[in-house]
Structures are given as structure tokens and as C-alpha cells.
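Going down the list, the sequences are from chains A and B.
Quick note on numbering: the first sequence equals residues 106 to 511 in our numbering.
Quick note on numbering: the second sequence equals residues 106 to 511 in our numbering.
The set of hints was computed from the structure by calculation and includes no laboratory data.
Keep in mind that the hints are not guaranteed to be accurate.
The list makes no distinction among identical chains, and a pair is therefore deemed to hold if it is satisfied within one copy or across any two copies.
[To be verified] Below are the SDA-like pairs computed for lysine to any residue, each with C-alpha atoms no more than 25 Å apart in a straight line:
#1 Lys463 <-> Asp371
#2 Lys116 <-> Arg354
#3 Lys116 <-> Leu132
#4 Lys463 <-> Met375
Keep in mind it's a predicted model, so treat the numbers as computed, not measured.
2 protein chains.
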Amino acid sequence: MTEPDLLIAAKELDAADPLAGFRDRFLPADGVSSYLDGNSLGRPLRATEEHLQGFVREQWGGRLIRGWDEQWLELPQQIGDELGATALGAAAGQCIVADSTTVLLYKLGRAAVAARPGRTEIVLDADNFPTDRYVMEGIARECGLTLRWVRADYDGGVSAEAVAACVGPQTALAVFSHVAYRSGFLADAEAITSVVHAAGGLVLWDLCHSAGAVPAQLDAWNVDYAVGCSYKYLNGGPGAPAWAYVASRHQADFQQPIQGWLGSADPFGMAQGYQPAAGIRRLVSGTPPVLGMLPMRDMIALIAEAGIGAVRAKSVALTEYALTAVDALLAPHGVVVASPRDAAQRGSHITIDHPAFKAVTAALWEQGIIPDYRNPSGIRLGLSPLSTSFEETFTGISAVLAELRR
Amino acid sequence: MTEPDLLIAAKELDAADPLAGFRDRFLPADGVSSYLDGNSLGRPLRATEEHLQGFVREQWGGRLIRGWDEQWLELPQQIGDELGATALGAAAGQCIVADSTTVLLYKLGRAAVAARPGRTEIVLDADNFPTDRYVMEGIARECGLTLRWVRADYDGGVSAEAVAACVGPQTALAVFSHVAYRSGFLADAEAITSVVHAAGGLVLWDLCHSAGAVPAQLDAWNVDYAVGCSYKYLNGGPGAPAWAYVASRHQADFQQPIQGWLGSADPFGMAQGYQPAAGIRRLVSGTPPVLGMLPMRDMIALIAEAGIGAVRAKSVALTEYALTAVDALLAPHGVVVASPRDAAQRGSHITIDHPAFKAVTAALWEQGIIPDYRNPSGIRLGLSPLSTSFEETFTGISAVLAELRR
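Chain A extracted, bound-state conformation (with noise of 0.2 Å):
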């Protein structure tokens, strides 16, 4: 297809695009024609805009104090029960907002190592994130094991067959990416954590780069820890407070490293020797986040609104329209495709490649074009579902061919 004519594909896919209208539910973004890096800083809602503010005068400045008692102590578990009923396939009472998505990895990577006594290894892929990387290269330092790493396969990806080498009875935990971070490499995890239990090992999913894109179906699977962002495909702001999943069958036992008074039996009791509270509440350590847990509320409202499914086929219909188009345009320049072709292997981002885009990247962002950047040579397509259109995906990658030709 040449250029003209993507453009005017794009247009007809948003014409006939049943989400199309939601877009106008985000913020304006002035200066800004094509963001295609929702999978790392989702945009702002109006509502979250409106909300906020209202939090701030009415809730925070009027209630005061009154607020916890109110209503604020349970946000943790009541926005974890609406995001596991909306995205994640999680029956309630089994996921929690709280802290960051490395903190929650600790802890969850910690308790599945107590609940795995004997056992001396913890299984990772080398293209996981570094912050999961690195924080369960700690746990394994304090807790004597070794790390195992499963040698990427496809694309960066991850598969049931090279898990099904690396694990055995030496497994403690295995920890992988739903969403490859750069390959957007969408991983089967009810097959890879089968195969971890067969082994008598835990799994811990990562899903920072689906949750809110690519449902996820966390009871059905089976699975036994999954931690996330909020502020990629969940657009709750730059820093927002992360969730986590622990499956029932594991809360009694969930030994917590970072042992906090709200996460505690008895807060207001205040008496010596802490005793956890009941159920997946015992995953909190310190005051609940309030303010910043807010606006992921309302993303997770809209996307009840449009329906997870739904949001799954656009995400998967603008994944493809981009690989049509960079095949098109970028393709003859020496871009290559990072990312599978197989939209059920796919998350709803794509990684093209050329030695040119660090500087592309720099050039476009002056633009008010902005796709991600990854080293060494990375462009990181982003494509938010809910805020994101065609014909701005089109504006974006033909943006890079503009750069291309300079």
C-alpha cells in the first residue's frame, strides 16, 4: 500500500471503529498529533482531571481525618476487586493496590520463596524487566539460591517448551512477562504455569505491559502471583501505585517481608507483635496511597464501559494496521520488524528497528510525535486501545519515514 492510501485505511478504520468514541474522554494533549506510548505513560482522563480535584477540596479538605474511616482504608482492595473483575479474570478478594511494581515483586518473589522450602532456585528470562531482574537477583543473594535463566526462543518471548527445560524440583518460583517489555511478545501463561507446577514450583506474572490491553485470566490459568503497573494501558499517572494478585489457596500462608501496621490483624489496636490481617490485606505495609491510586479508577471504569474483549480487538486491529503500514513505508528504508506477526503471540505494542532511531526518536518528539525509544536501536510503538486512533498511527509511523528520508 503506499502512503496515500494507508491513510485513507486509517480513516476507514476509525469510521467504523465501535471504541472510536472514547478518545474523547481523555485530556487534550496541545502540540501533540500522534502519542504512541500509552504502554509506558498512559494519558489522563477528563474525568480524572474532575475527580481529583474534587478528592482534594471535598474528600481530603472536607472529610479530613473522617475520609479513612469513610471510605479510604478500603480503596486498596475495592479498586483491586474492580480491576480483577474488569481486566485481569480475578474472582474477588485476591488483588490489592498498593506500593510499586518492584516492591510488590518483592514481596510476592520473598513469599513464594518461604512457601517453597528446600527448593534452590528462582527461573527468569533474560528479557524480563530489569526491575525484575534485579530485585530477584536480591531475594536469591538473601535467600541463598540461584537464579536460572530460560533462553528467549522468539522474538524475545518466551515459551511453555524452554520453561519445561529449566524447571524441576530445585524450582522455587518462576517469574515472567505476560508482554515482553520490548518485544511486546504476548507469553501463553496458562501453559508456562502449568508447566511450573508440574515441577512443584510457584509462578509470578508480570503484566505491567498487558493489564488493561490484554485481558488476562488469572483464576482460569491458575496462576499464583502476577504483579502490574498502572500507569501503561491502566493510565494512572506518572508514578501511580502498582496491584497485585495472590491466588486464595495462598493468602493463609503469605508470609510478608515489609510487616506494617495496615496490613496488620488489629491497626488501631496498636498492641505489640504483629499479627497479619486476613486475606490478600496482609500484602499492605504502609498507608494506602490514596491520591495516586485515584485516577486508575477511572481507566478501569472506561474499560469496563467498552469491554475488555473489545478493547483486545482494537488493540489487536491497530497492532496489525501498524505492521501493514511499517511494512509498507519503513521496510524498503532497513526498518525490521522486533515483534511477532501472529496477533494471538502479540501485546498491543510492536518494536521496529534501525540504526537511525535514537536520533528519529529525538526529532519526532520535537514534533509533538511521540513513539518510545529502547536502546540500542528501538522504536517502541505504543498503542493504547481507548485513546488511541488509526489515523494517528499512521501520522506517527509515516513521521518516522519523513526522518527516514532526510
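Place chain B on chain A using the hints.
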């Protein structure tokens, strides 16, 4: 003094208060005639409402992912430095905003224990806030240490003499509150730090109940580590991120248990193997909570404008006035003062006890008179110097009297 005389005195004190004008900088609280819980949740500033709205629309919504490079990545250290200079007596490069008090207590406690290998005890006070006790209990268990308790010897406070009797060659770390959460006792942090150092141990101070109201001199006192929340006298909002101080001399060896990518030396290198960042930055684990850390910045600026010395002077005047009113109005009804009478040993709240106070507090809250309640029978009168007036203090104590007379 009689009740009418106390009201006249309050009005006179307000009229003469050089900081009285600062009260208008806070958002109004409809229906609240006396807010005496700034020691649990400080009120929002008008500036905060504006800044949050501007942030969502212009920064997050307008700069989008570019905001990280342009300014957000440095915020944890920038706000930390501002806080250190304004209220903590800490030179630049030693304070950072992150996580929650609980998570930071864990990081600092673990690092301290690692820095004193072979030592077997963590010294605590039984009146430490529950989270401090629970976190250290967890660290002791995982590191094979023992907790040793200093018996409080004055209104719940901890003295250098009592600490001296507990520390020795076995002491790895001592953890104390600068201002005790119940009694409001203000510890002699300099003397206690010196006593612990003489035994070769390290000290971690919890400044949750002092930061922003009682000046600290962390550098001059030779403190090793300190931590505090930002939602009390720093008005950061419910569950806002916390801050930590690590003295420069301990930073190069600081071993972080929760190894995250944004606290690594080269986050965007995404390399294999965690290498900690230089300096205080290595305390960062996950992505900094940008939205959540904005409100405290407004309050730090307000404290800087007023001057922490003037803030402390008003705090002392407010607690003196409150004690006078309690003695005159409530003591005849059996109310007992549980806080130090010497202003030099007192923070910015006072605690009063009476068997009826649980019911009294519930009744007061419904009338828009808001003190704090702590089991088993304590009302805490938290007097936040820049937002609390003398008349407001009178109103609250007078309302307690009315309830006791019912």
C-alpha cells in the same frame, strides 16, 4: 481561667500571631469548626488544588512521557533536598521521597543491619509506632537478630540514660521516634544518637510526628538514618509518599534490599545485573510516585516562607495554650494530661485521657469538631502551626467540656 477568659485569650493570641495569615492558604473545610488532627492528616493547601489540576492537564496530559526526562525523574531528590533544607537540617543529597514510611523503615533497617555484621540486637522502645515495631520484628526474624526493648521512663518518652542501659557491643541498630505518637514526648535525638554511637551501633530516627512542626538537625546531631511520612505536618495528603535520610557517610555502602531499576546506576541501559546508583538515589526501588509527591512540595514551600523556627514557636504557644485550657476546663472533670509539661520535651500534639473519650470523640466528629482518638482512652489534640488557630483550639477543648457535661 474561666471559659470566657480562655476565649478572650485565644482571640488575643490569634491577633498577635505573626503566622495567622497563613491559615488562609489552606482550603476551607465546610462544616468543620475545629480541626485538631493535623498530626494525623494535614489539610490541603489552596496551591495544591491548583498545582494538581495544572499537573494533570499540562504536565501529565501535555508533556506525556517527555515529562520524565524533563523533570519527573529528579523529583524524589529535589523535593528531598527542599525538605532537608527547610525542616530537617540536612545538607543536599541525603534526603529522598519514595514509597511509604513502612517500606523505607524496612530498607533503612535492613541496610543498617547489613552495615553492622556480627551484632545481634535491634533496640526499640515499646512506645514506638506499631509499624516501626512490626517492621523491625520482621527484619530481626529474617536476619536472625533479637529485639531489645527500652522501657519508657517519662510519659511514654525515651531518655538517653535509658538507652545507655540497653546498648552495647551487641547493638546493631536502635530505632526511636523523635516525637512519640501517643504522648507527644520529644526525644533528645542528639544525646541518644551519641549514646548509641558510643556503643558502636547505628540509629534510625522516625520523624513522622515531628517533621514540619519541630525542627530537626539531622546533620548536626550526627544521625545515621531517618524516615518520616508526609501526610501529617507536611500536608502531602492521605497516604502520600514518605521520605528518608541517609547520612552521606553511609551512602556508598548502603545495601538496598529491594533492588529496582530506577535506583540502578544506568536504568535505561536495561543491562543484566543490578548496579546501584551513586548516592541517595540508590534508595529508589520503583517508579517515583510523581502525582503523590506534589502536594508536600507546596507545604515545604510554605514552611520555608514562614521559617521553621517561627513554626516551632507557634507550635509551642499552641500546645501551651491547650494545656492551660485543659487544666482549667477539663481537669475538674477527671481529664488527665498524658503529655510533657515542659515545652522543650514536647512535640506539636498533646494527649489527654478520660474513660469517656471514645464516645466523646465520636460525638465531636459529627459536630465538625475533629480531634484524634487513640485507644484505650486518649484524645490527641494535634496542632498544626500554619493551619490551626488559638480560637480553633479553644473551640475544640470547649466542645470536649460540653460533651463531658452531658
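For each hint, the structure was consulted:
For a Cα distance limit of 25 Å, the shortest separation of Lys463 from Asp371 across copies, 17 Å, qualifies, whereas the shortest one inside one copy, 53 Å, does not. For a Cα distance limit of 25 Å, the shortest separation of Lys116 from Arg354 qualifies neither inside one copy, at 49 Å, nor across copies, at 61 Å. For the homomeric pair Lys116 and Leu132, the shortest alpha-carbon distance inside one copy (22 Å) is at most 25 Å, but the shortest distance between copies (47 Å) is not. Proximity of Lys463 to Met375 under the C-alpha cut-off of 25 Å is restricted to the inter-copy arrangement: shortest distance 15 Å between copies versus 54 Å within a copy.
Hint 2 from the list above is the single one not met by this structure.
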